[in-house]
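Modelling step: build the complete structure from the supplied sequences, incorporating the hints.
2 protein chains.
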Amino acid sequence: MSDRLLEWFQNHPDEYISGEEISKEWNISRTAVWKQINRLRAKGYDFEAVPKLGYRLIQQPTRLDERTLLLKLKTSRFGRQLRIRSKTESTQNEALSWAKEGAQEGALVLAEEQTSGRGRQNRPWHSPPGKGIWMSMVLKPKIPLQFTPHLTLLTVVAVCRAIKRVVPVDVGIKWPNDLLVGERKICGILLESFAEDERLLSVIAGIGISVNLDEQDYPEGIKDKATSLKIASGKEIDRATLVAEILYEWEQLYQLYEEQGFGPVRTLWEAQSITIGRTISVNTPYGEVNGVAQGLDESGALVLLGRDGQYRKVFSGDVHFL
Amino acid sequence: MSDRLLEWFQNHPDEYISGEEISKEWNISRTAVWKQINRLRAKGYDFEAVPKLGYRLIQQPTRLDERTLLLKLKTSRFGRQLRIRSKTESTQNEALSWAKEGAQEGALVLAEEQTSGRGRQNRPWHSPPGKGIWMSMVLKPKIPLQFTPHLTLLTVVAVCRAIKRVVPVDVGIKWPNDLLVGERKICGILLESFAEDERLLSVIAGIGISVNLDEQDYPEGIKDKATSLKIASGKEIDRATLVAEILYEWEQLYQLYEEQGFGPVRTLWEAQSITIGRTISVNTPYGEVNGVAQGLDESGALVLLGRDGQYRKVFSGDVHFL
Chain C
1 MSDRLLEWFQ
11 NHPDEYISGE
21 EISKEWNISR
31 TAVWKQINRL
41 RAKGYDFEAV
51 PKLGYRLIQQ
61 PTRLDERTLL
71 LKLKTSRFGR
81 QLRIRSKTES
91 TQNEALSWAK
101 EGAQEGALVL
111 AEEQTSGRGR
121 QNRPWHSPPG
131 KGIWMSMVLK
141 PKIPLQFTPH
151 LTLLTVVAVC
161 RAIKRVVPVD
171 VGIKWPNDLL
181 VGERKICGIL
191 LESFAEDERL
201 LSVIAGIGIS
211 VNLDEQDYPE
221 GIKDKATSLK
231 IASGKEIDRA
241 TLVAEILYEW
251 EQLYQLYEEQ
261 GFGPVRTLWE
271 AQSITIGRTI
281 SVNTPYGEVN
291 GVAQGLDESG
301 ALVLLGRDGQ
311 YRKVFSGDVH
321 FL
Chain F
1 MSDRLLEWFQ
11 NHPDEYISGE
21 EISKEWNISR
31 TAVWKQINRL
41 RAKGYDFEAV
51 PKLGYRLIQQ
61 PTRLDERTLL
71 LKLKTSRFGR
81 QLRIRSKTES
91 TQNEALSWAK
101 EGAQEGALVL
111 AEEQTSGRGR
121 QNRPWHSPPG
131 KGIWMSMVLK
141 PKIPLQFTPH
151 LTLLTVVAVC
161 RAIKRVVPVD
171 VGIKWPNDLL
181 VGERKICGIL
191 LESFAEDERL
201 LSVIAGIGIS
211 VNLDEQDYPE
221 GIKDKATSLK
231 IASGKEIDRA
241 TLVAEILYEW
251 EQLYQLYEEQ
261 GFGPVRTLWE
271 AQSITIGRTI
281 SVNTPYGEVN
291 GVAQGLDESG
301 ALVLLGRDGQ
311 YRKVFSGDVH
321 FL
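From first to last, the protein sequence lines are chains C and F.
Note that UniProt numbering has the first sequence beginning at 1, numbered continuously upward.
Note that UniProt numbering has the second sequence beginning at 1, numbered continuously upward.
Note that these hints are calculated values from the structure, not bench results.
Fair warning: there could be bad hints in the mix.
If chains are identical, the list can't say which one is meant, so a pair holds when it fits in one copy or spans any two.
[Unchecked claim] Here are the simulated BS3-like pairs of lysine-lysine, each with C-alpha atoms no more than 27 angstroms apart in a straight line:
1. K313 / K35
2. K313 / K142
3. K142 / K52
4. K225 / K87
This is the structure:
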């Protein structure tokens with residue numbers, strides 16, 4: 001039923017149809033009409049409802065579809081093996097299973113919606129349908145385990161550069177791999193790595209970007225800490241274009257890293273950083289470390305200069321600006 | 001049936017019983033007798049078979065049992081959560097599942113037999129019943145991902161020291177974590193690591209030691225590359241004693257590492273190494289590297305001095321002596 005009703009709306013883009021007319025035309029109750037409209041709204045269709053005139057379709061969700069995305073891709077490997085799901089538990093879990101079944105490097109899982117998307121330390125990641133980029137890619141880098149943190153930094157640099165190419169927003173990197181607009185998080189990155197002795201076997205790289213979320217899409221606890229590209233730029237963003245741009249930047253940078261090592265990535269990371277030069281506090285497994293962030297060392301650790309004049313390296317932890 | 005037959009043998013340690021007598025006593029066919037004897041042999045029981053006299057039990061397998069092992073343990077955490085299996089697919093898989101279900105650091109899985117034990121790069125690991133130490137332990141080290149190779153080196157040092165305390169054999173470390181007697185492998189170590197960004201979440205450390213294997217226990221392809229502690233020392237080794245000693249050395253060294261970092265582990269590793277000072281070739285993901293092994297750097301990489309006078313670091317690969 002909702003398919004035929006939707007078809008009518010799509011074929012009559014400027015027309016209003018009242019609940020009564022729908023009820024008669026499709027021989028359903030007024031309550032059923034109301035339910036169908038709400039069902040479509042939940043799927044991302046938006047209707048104007050004017051008393052006496054009725055409903056008019058004013059916005060349709062843009063779906064990520066395989067053909068459109070593949071046409072936009074400028075990469076040779078990244079995203080060339082592609083799975084787009086309308087709903088999945090977690091793109092990380094799905095990409096990991098796929099990797100175990102033999103997915104190639106660059107295999108990508110995208111989902112319109114994640115029902116239990118997760119960020120670092122198993123924190124839930126809010127991934128409502130149709131408005132974000134929730135994706136995970138399989139990497140099989142031929143690098144020593146020691147260099148794994150380079151990949152985290154490389155990935156956030158690629159996403160940051162891609163966003164800036166597509167959307168006019170002032171986005172910057174908080175160490176190691178958060179992207180912020182102002183003080184609000186717009187993107188989270190999670191790399192899960194699997195190693196055998198000193199050999200890195202595979203990495204599942206997850207990227208979550210709040211693209212077209214509106215203020216009301218955020219639950220209470222997140223509202224003041226997060227924002228979206230749409231809120232920040234005032235424009236609806238074409239997700240397929242952004243995905244294609246991210247994959248392109250990412251693949252380019254990955255090749256550069258394979259050829260030239262961490263040097264160029266470090267320079268690019270530092271150039272996009274909003275952490276460097278600021279006084280910060282980091283919760284490390286060994287306790288809290290404070291200081292002014294100086295830059296990255298060759299392993300990807302963050303170097304802090306303390307008030308005591310001592311330099312300290314931080315390998316992992318959450319950064320807080322002081 | 002084989003239980004009652006076994007009981008008879010155990011109660012009559014010096015007596016022979018013929019196939020015919022067994023057949024009459026337990027009212028089974030001669031073929032069934034022969035099958036029962038073979039079934040017991042496969043479980044590690046050994047019989048002398050003398051024409052006309054019959055069978056005599058000459059050796060019983062010593063089982064690893066929880067009570068005996070716990071009594072020998074000198075550790076506070078390592079091995080205190082304990083699962084001993086008579087047969088399992090792979091102690092690595094079982095320890096990993098256990099870790100996911102919340103096993104503490106130090107949780108240990110031991111098996112008398114592995115049906116698909118595995119070494120590095122999914123190579124099969126020969127783990128016949130009752131004669132080896134096939135075990136995997138859960139570690140949850142609070143160290144940066146970059147330092148994971150330290151754990152591999154720490155583990156092999158602990159095993160090497162423990163073996164030397166219990167068995168009079170000249171065992172040495174081949175980089176990074178094989179133990180050899182002469183040119184033959186006596187122990188393999190496999191660390192599987194799981195990380196989230198730059199945080200190491202858990203490590204499953206697998207140790208496989210050929211303890212009481214005899215020459216005929218090795219399949220053709222392995223025979224000339226492997227040996228056992230029994231073959232090397234000429235003595236049957238008590239496995240529980242050796243397990244307890246390994247866990248003790250391992251826990252001690254792990255605590256030392258937590259307190260003082262990699263320095264002491266590096267010194268101990270180098271002292272037990274049979275790699276240093278030798279001309280070797282290493283198959284790395286980037287190609288073959290040759291040179292004289294000099295020692296470890298602070299990350300655990302092996303430093304080689306090439307014929308061109310250049311120093312090169314090797315992070316992963318298989319070592320071949322030239």
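Evaluation of the provided hints:
Taking the shortest alpha-carbon separations for K313 and K35, neither the intra-copy value of 57 angstroms nor the inter-copy value of 66 angstroms comes in at or below 27 angstroms. Taking the shortest alpha-carbon separations for K313 and K142, both the intra-copy value of 26 angstroms and the inter-copy value of 15 angstroms come in at or below 27 angstroms. In the homo-oligomer, the alpha carbons of K142 and K52 never lie at most 27 angstroms apart, since the shortest distance is 65 angstroms inside one protomer and 65 angstroms across protomers. Proximity of K225 and K87 under a CA criterion of 27 angstroms is satisfied intra-copy only: 25 angstroms inside one chain copy versus 52 angstroms between copies.
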